[in-house]
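Student: Read off the chains here:
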Amino acid sequence: MTIFQALLIALLGYLGSIYGTFLFGTVGGWNLIGRPIVAGAVIGFIMGDVRNGIIIGAAIQALYVGLVTPGMSVPGDVNFASYIGIPLALASGASAEYAVAISVPLSLLGVAAIYSVATFNAVFVHLQERWIAEGKLKQAARIPIYSNISEFIVRFIPIFAACYFGAEFVPKLIALIPESLADIFQVLGGILPAVGFGLLIKYTLKSNRQLLYLLIGFIMIAVLHMPIVAVTIVALFIAFIDYQITSGRNAD
Amino acid sequence: MTIFQALLIALLGYLGSIYGTFLFGTVGGWNLIGRPIVAGAVIGFIMGDVRNGIIIGAAIQALYVGLVTPGMSVPGDVNFASYIGIPLALASGASAEYAVAISVPLSLLGVAAIYSVATFNAVFVHLQERWIAEGKLKQAARIPIYSNISEFIVRFIPIFAACYFGAEFVPKLIALIPESLADIFQVLGGILPAVGFGLLIKYTLKSNRQLLYLLIGFIMIAVLHMPIVAVTIVALFIAFIDYQITSGRNAD
Amino acid sequence: MTIFQALLIALLGYLGSIYGTFLFGTVGGWNLIGRPIVAGAVIGFIMGDVRNGIIIGAAIQALYVGLVTPGMSVPGDVNFASYIGIPLALASGASAEYAVAISVPLSLLGVAAIYSVATFNAVFVHLQERWIAEGKLKQAARIPIYSNISEFIVRFIPIFAACYFGAEFVPKLIALIPESLADIFQVLGGILPAVGFGLLIKYTLKSNRQLLYLLIGFIMIAVLHMPIVAVTIVALFIAFIDYQITSGRNAD
Amino acid sequence: MAKLEKKDIRKCYVNWMTFALGCQNMERMMAPAFARMMGLVVDKLYDKKEDKIKCMQRHTQFFNTEEAMGAIIPGVILGMEEKRAEGEDIPDELIQSTKTALMGPFAGIGDSLIGGTLRPILCSIAMGLAAGGNLAGPAFYCVAWLGIIIPLTWILFSRGYKFGINATDMVFAGGRKDAITRGANLIGLIVVGAISAQYVTANTGWAYVSGDMEITLQGILDSILPCLLPLLLTLLAWYLLDKKGMKIGKVFVVFIVIAVAASLTGLLII
Amino acid sequence: MAKLEKKDIRKCYVNWMTFALGCQNMERMMAPAFARMMGLVVDKLYDKKEDKIKCMQRHTQFFNTEEAMGAIIPGVILGMEEKRAEGEDIPDELIQSTKTALMGPFAGIGDSLIGGTLRPILCSIAMGLAAGGNLAGPAFYCVAWLGIIIPLTWILFSRGYKFGINATDMVFAGGRKDAITRGANLIGLIVVGAISAQYVTANTGWAYVSGDMEITLQGILDSILPCLLPLLLTLLAWYLLDKKGMKIGKVFVVFIVIAVAASLTGLLII
Amino acid sequence: MAKLEKKDIRKCYVNWMTFALGCQNMERMMAPAFARMMGLVVDKLYDKKEDKIKCMQRHTQFFNTEEAMGAIIPGVILGMEEKRAEGEDIPDELIQSTKTALMGPFAGIGDSLIGGTLRPILCSIAMGLAAGGNLAGPAFYCVAWLGIIIPLTWILFSRGYKFGINATDMVFAGGRKDAITRGANLIGLIVVGAISAQYVTANTGWAYVSGDMEITLQGILDSILPCLLPLLLTLLAWYLLDKKGMKIGKVFVVFIVIAVAASLTGLLII
Ligand SMILES: OC[C@H]1O[C@H](O)[C@@H](O)[C@@H](O)[C@@H]1O
Ligand SMILES: OC[C@H]1O[C@H](O)[C@@H](O)[C@@H](O)[C@@H]1O
Ligand SMILES: OC[C@H]1O[C@H](O)[C@@H](O)[C@@H](O)[C@@H]1O
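Those sequence lines, one after another, are chains A, B, C, D, E and F. So the number in our numbering is just where the residue sits in the first sequence, counting from 1, plus 22. So the number in our numbering is just where the residue sits in the second sequence, counting from 1, plus 22. So the number in our numbering is just where the residue sits in the third sequence, counting from 1, plus 22. So the number in our numbering is just where the residue sits in the fourth sequence, counting from 1, plus 5. So the number in our numbering is just where the residue sits in the fifth sequence, counting from 1, plus 5. So the number in our numbering is just where the residue sits in the sixth sequence, counting from 1, plus 5.
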């Protein structure tokens, strides 16, 4: 891979990461070029093999199609999996299966990166607060721009290094992760969203009794296997009934 | 077939058509001798082969067992299918399969007949209105009797002709309908009830928000596959809850 | 079987019967040592074969795992089935299948015993009433102790007799029950709980309209096959909504 | 002093059932049958010609319902008209609004419970009994259908009538009528939603095929919400009829065009 | 100055649990156990013989509930009786109506949650663990059952008692008690409807066979509403007991007759 | 005289979408992005430095939502801040409480409808279309995603803004805002309950094996209530965060410990 290709891929990897902002936030970043299937096409284009890029991207996409990140709970990170996994597979002429196989450990590294950034960014929070207090308002407003530096570091550098310093280096690094950890991380990925949902509940629940609403939603999926659109309709209906009760009259 | 048999079948065909009135309306007409399974027995009796009449009738019935005609949306017409299809099959000694096969084009002709009548009947509406304005009240009240003439014409004549002029004539007529139309008409039959339901909704809905009730009913069938009796019970329950809300107190 | 073993089993059988009180009522009686699986262990211990006792007990338990007795509707009695069936099977070295086979007629005898006791106990009710009126309050309070005598008689004696007088006697007795009765009793066992539920409804329903709530619960099981825990959650939710309506304001 | 006798009520009932669909038309649907029914008793209700004419004119307006469950409506209106004729203060608008309020819900309930439930059940049983050409099939259907539908419609009509004549005593205008209308309304909406999922059929045939793999649009729609197309078509019809104010005949034409276009392009298949 | 000490409450609890079903009878069901419980504390509550007698007589009336979940009721009543003995103005009717209001709902909830859910779950686990005659099965059941049921019933009883003694402060007659009764009521009705679908079994064996084709009545009933017969039988029992005022013994006889007749004619099969 | 022009609103919208997750952190989550957005217009709103500082300080508090559906919230707040700057009496607390009231519900609704529904549907279609390396897959995704998400978020933001500036006219403090908050709240809770059943995965591997027979704990749990473990874990997280007041970072640690322990003991398996 040429240095130029590696630099370009690393840049795009940063732009498509969860906290990268410069492609209209998550609209063009995390949710667009951050999707493995799109990343596959883009990386394939850079490396001159769009077709295989898409095939590998789609395979990785399948692993993460149901990924949600409620309240900072990130059960997996598609970024390294895509921007390291796909180039390496393409460069080495490896199959989609290989990319999928290394995507799990890469995702773990990605999760670690996410939490490092989210922890470090507290520094920016306090800086912003201080600047506001000091009346440096323009500067304070620029904090979310400055704070890109942390995400840039944890994304650009590893992706560039992995792409440029080659295919034989990364698998070795991955092999360092003890085999037995894999299970643990998958269990963790399964239960981690609970924390995010817990946070959403914390900021939504007004009284313990309202847990009943939560349970009704839960039953609609867990017991009745309703599609989420149907759940949302029922939720609207319940809110409508509630509105009629609360407003003490019929609303239509 | 004797002329007498053909006349009798044509008369019954008219009486059992959707807008024929003289057998206590739809009670004894459309919903009784109009049902293919009953028509089969009756035609079989006239033609001296009750057993085969019933077998053919039941086969046609199976096609139309779930026929509803909300708000003048008639996805199929069982009348020609029964009163032309069964006699022809019996007369020619053909199988139930034959009757079923020609019932689809016959049903289309029937649908055309229905919409012709419903369009033409506007004449009677305006006549009634004029007579009332002129004070000819007795006459005006007799309009729904007079208006039978249109239904009589589109039912009695074709049925009689088909039965009397024979089995070789009708299939030729049917063959005139281009093959490719069949698909279109089946698709049409599938979506046509939507218009009828749309009309019912128009006269039931009091505000856009009430669409939620519609959707709840929809979900109970589409997603939860509940039998309609259970849906009706839930509907009663929701209406009961609503009554308690509206009346501002508990109702029991 | 020694007379001592037989006496002990008969005593335990009485204590674990539905109206036996001396093991903290149903807590330690009917619902604890009254369960076939527990009875199997206990009888096995007495007869020196815990392992087979448990195996036979579990087999009988399987028949009665879903036994409810709403409002005195007892579709089956596990007591004779356990305390006669298990000892006989153990004593004769018979298989669990044998114990299961005779458990049906034994259960019928048990049901007869239950209704005899519940009918006879009216005597105690009137005695208690008289004593209260006469001011013999201490004695009146002791009625539920005294009334154990009827349950003792219908449980202790048959169990002791069956265990002590042996394995060849009981099957003969059972054979006296006409074969054709089996079906009837199973049908009866199926529909009998309806009476109990009818009684519960009688004391719960405040108006005919409230039958709707009953039907909603019914639909949740019959149509939607929800587990009862989910039904209970929905019931709580409905009661909560009702509370908001009744109290005329939102409750949370 | 009631103006109508038992036999008048019966006559009205018979004529309603007989002629409900007898002059069915694109413009006012069942209105002629309604007017006829009033015409049969208008002489008993009013003395002055002018009043008679006005009474009948009231009922030439658009009316449509399912004739069996909806038999309650001519019953109610008959009762109200009688009270009105007796001098009670029942304004024209109240009569009109009562008809309009009830016809929709009862059409929905009737189409779903009679046409969509009772009739198919009886027919299915009859088809089973008719196996091998057995007369028991049609015989069962005739007995069961008549045995259910005649008492049912008569009860609905006559109860409706009684409800109607007691109208004013029960502060008809507000209270109870509103509650009943509203209840019927909600039930009607729910069952119409339900049967439109059951009776409108629309499946798309569009699919993307590439090698062995096939991705069907219908599969995607089903994963979002089953029966989504029937629902959208129903809402479209409602939108055209209600929000766009299209005549029903025109909407039929629109749907024919849709069927032709969608069938030819394979967008909709059977 | 409360008249009852902690140990009295405990004694009442133990005696309720012990004797609830101890004098079960067709006429008043659990009434003797209730009267006994009051008899244990009546000397502490009242001084005059006359008052003591009246107190016990209050509790010889019909009473039936599920003994475990329903343990809340003797708790509540004990509290109310104590308050009454202390001079609060709690009329007889309020005590009686509270018992009647609560016994039905808690019977339904208890039969469904204890008899219909908790016990079968524990038994099923125990049966699994017992495979091959393993003592772990019965041992698990004993520990789990006692570990759940004793704390649960004690909490219900003692909370009920506290609720009862605070009765008048909370404007017991109206407000909160009514809300709780009503809530319990609705929940009771819903779960009774649910478990009657689960625990009443009735399948009809009637079928029409003609050649190869068989049409079963049960199939038709299932397409209308699954578990229709169990529902109808439950409603029949309720109708006889409530609307016809039949004694439960007589209703049992009716159901035996139904079972015999239906079984012999094949109307009902297993 | 509105202080903000159309182009300011657009600028705020673009900056919200761009930076929402740009300084994501464990302590205040999206607060820096909110403060930035206000910082862009603070000069137009206020003249006095002091007021500007106060305004920005109001928005350094904890804030978290799903950025797309939740785009309505910065919209609303922008409107309210403008009204306030124009001299309306909108207290600080009202602004703060509006943010807090809306962020939870819209996070739930957004995570479920955007992340849990829209994105997976579009991705699935794209994966289908991409079979064999077809560019149609990614192309479809890009067009569909942008074509839906940009109009949607802009509508939410700009409608929110309009709603916000009309706040006081509509007696914002009480009435309508409360109704909307409450409604969003209930919907949010229901969908969060739903997607936690869908996206939290926890299956226990414990089983009791004896000879041929195997009894799995997961089987028992499923018979009680499917997805019981995900539910309990979600409630545990909520309990720790809300009732115990734990920081989210610490709760993550707790869950990592659970995952390690449960995975090593086989209590949880994949
Ligand atoms: O749950 C709301 C919101 O929380 C955090 O801000 C992130 O994890 C977002 O991805 C998520 O949408
Ligand atoms: O939908 C109500 C009603 O509308 C029209 O009048 C006809 O199609 C009837 O068959 C139908 O019952
Ligand atoms: O139904 C409530 C209750 O009724 C009777 O008292 C007995 O059958 C109990 O077993 C049952 O719990």
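No lab work stands behind these hints, which were simulated from the structure alone. Where hints are given, some of them may not hold.
Claimed, not checked - Among the chain B residues that face chain C by a calculated CB cut under 8 Å, a handful are:
1) Ile68
2) Gly70
3) Val72
4) Ile179
5) Ala183
6) Phe187
7) Leu233
8) Leu246
9) Ile255
10) Phe262
11) Gln266
As the list claims (entries may be wrong) - 20 Å max Cα-Cα, derived EDC-like pairs, lysine to aspartate or glutamate:
12) B:Lys160 / D:Asp227
13) E:Lys54 / C:Glu190
14) A:Lys160 / F:Asp217
15) B:Lys224 / D:Asp13
16) E:Lys8 / E:Glu91
17) E:Lys53 / C:Asp71
18) B:Lys228 / D:Asp13
19) E:Lys59 / C:Glu190
20) D:Lys252 / D:Glu219
21) C:Lys160 / E:Glu55
22) C:Lys158 / E:Asp52
23) B:Lys224 / D:Glu91
As the list claims (entries may be wrong) - Quick partial rundown of chain B residues pointing at chain A, CB under 7 Å, derived from the structure:
24) Leu33
25) Val245
26) Ile267
Ideal placement from N, C-alpha and C gives every residue a C-beta, glycine not left out.
Student: All hints, please: hold or fail.
Tutor: To see whether the hints hold, each was checked on the structure:
no., hint, verdict
1, Ile68, "violated (45 Å)"
2, Gly70, "violated (47 Å)"
3, Val72, "violated (39 Å)"
4, Ile179, "violated (49 Å)"
5, Ala183, "violated (50 Å)"
6, Phe187, "violated (53 Å)"
7, Leu233, "violated (21 Å)"
8, Leu246, "holds (7 Å)"
9, Ile255, "holds (5 Å)"
10, Phe262, "holds (6 Å)"
11, Gln266, "holds (5 Å)"
12, B:Lys160 / D:Asp227, "violated (56 Å)"
13, E:Lys54 / C:Glu190, "violated (58 Å)"
14, A:Lys160 / F:Asp217, "violated (73 Å)"
15, B:Lys224 / D:Asp13, "violated (33 Å)"
16, E:Lys8 / E:Glu91, "holds (8 Å)"
17, E:Lys53 / C:Asp71, "violated (59 Å)"
18, B:Lys228 / D:Asp13, "violated (35 Å)"
19, E:Lys59 / C:Glu190, "violated (55 Å)"
20, D:Lys252 / D:Glu219, "violated (41 Å)"
21, C:Lys160 / E:Glu55, "holds (14 Å)"
22, C:Lys158 / E:Asp52, "holds (15 Å)"
23, B:Lys224 / D:Glu91, "violated (34 Å)"
24, Leu33, "violated (50 Å)"
25, Val245, "holds (5 Å)"
26, Ile267, "holds (5 Å)"
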